[in-house]
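**Student:** Chains as they are written, first to last, in our numbering: chain W, 1 to 138; chain D, 1001 to 1222.
Simulated from the structure, these hints should not be mistaken for lab results.
Pulled from the structure, derived: some chain D residues nowhere near chain W, Cβ distances all over 10 angstroms: (1) E1048; (2) T1049; (3) F1061; (4) S1142; (5) D1143; (6) I1155; (7) E1168; (8) A1177; (9) R1189; (10) D1209; (11) E1220.
DSSO-like mimics (lysine-lysine), calculated; alpha carbons at most 30 angstroms apart, straight line: (12) D:K1109 / W:K58; (13) D:K1107 / W:K58; (14) W:K58 / D:K1132.
Partial list, derived from the structure: chain D residues whose beta carbon lies under 7 angstroms from chain W: (15) S1092; (16) P1095; (17) K1098; (18) S1099; (19) R1137; (20) M1138; (21) N1139.
Ideal Cβ placement from N, Cα and C applies to all residues, glycine included.
For reference, the chains in residue letters:
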Amino acid sequence: MKKSKLAGFALCAMALTTLTQCFTDKQNEGKRLYAQHCQSCHMDDGSGLRGLIPPIAKADYLQTHRDELACLIRQGADGPMVVNGITYNKEMPGVKTLRDDQITNLLNYIQTNFGNQNERYTMSEVKEMLEACPPHHE
Amino acid sequence: MNFNYKPLAAALIILTGLFGFSCQGGDSGKTLPILGSREPVERVVNGETIIDTVYHQVPDFAFINQDSQVISQETVKGKIYVTDFFFTTCPSICPKMKSQMLRVYEKYKDNPNVVLLSHTIDPAHDTVAVLKDYADRMNVRSDKWHFLTGNRDSIYDMALSYFVGVQEDEQAEGGFAHSGDFMLIDQNRHIRGHYHGTEQEDVDRLMQDMDLLLKEQQHEEK
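Please build the complete structure, drawing on both the sequences and the hints.
**Tutor:** Here it is, written out as structure tokens:
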């Protein structure tokens, strides 16, 4: 009798946790972060701005520079960059305030939306990449 | 006293009908308002006093475009134009404004009666060379879309004449605060509409109004 009560309690707690997990915005964090930090320049549909801001949508750069993207988001980018055969040269500000897990969510959102069907990142993978970011001077 | 209301009522009804008709005018007769202050000016012709309405008109101007050419009221003479204020390093609303303006450019790039004028509000950074690079990268023709720089105060005064809010603001992203408005100006340099340059639907409306204005212009020329 006591055992089943305990099991029931545990089950209830588990159900509650799952439910509350569902209602947090965690799942859509990547989307939210994109809207907050990326969208005004890279556009709602990830198309960028012709000749000036590279696209996110179907960008070969996401695959060819997969391992550099985490640092790119944190530190920003400067200098020429070739995306889908077009050279861009506009500074992108980094978002230093993003945590490792947030960058993971953002990257996975980018890699699997806007017509992209690229490999997802694991959290530990991104952590490793971020630890190995090249020294950045302001 | 016996007063007959009937003719008066009938007249009122007819007047209301006429007024209502002239207000709506059907879709084909729709005209755009002239924005800004207006004042009556009296003049005497053949001994009769005539009252003219003088509308707000964009004053003369002279700025330099990405090809180092002087762009003035002469450049837009007899044409309609769309104008906005931005800066090339703007991290907030400008890319969206420019992507929407590109739609307008693509639609009217072969129409000789349409011009686009984008003023920088950061002339210290946005020199002719910077604007040239910006326009070339977007691959837009400089005889159609002029990116203008010049004297800072003249640009800011010009923004006021177009009713566009701009100011330097250290708190704002990129150091400048400005509205994302697109203003539509007719061939008489009257302002005929303002639109949110960051919103696709409103820029659709702008292009509809441009078509109306071009028709009106054709009509006037006939």
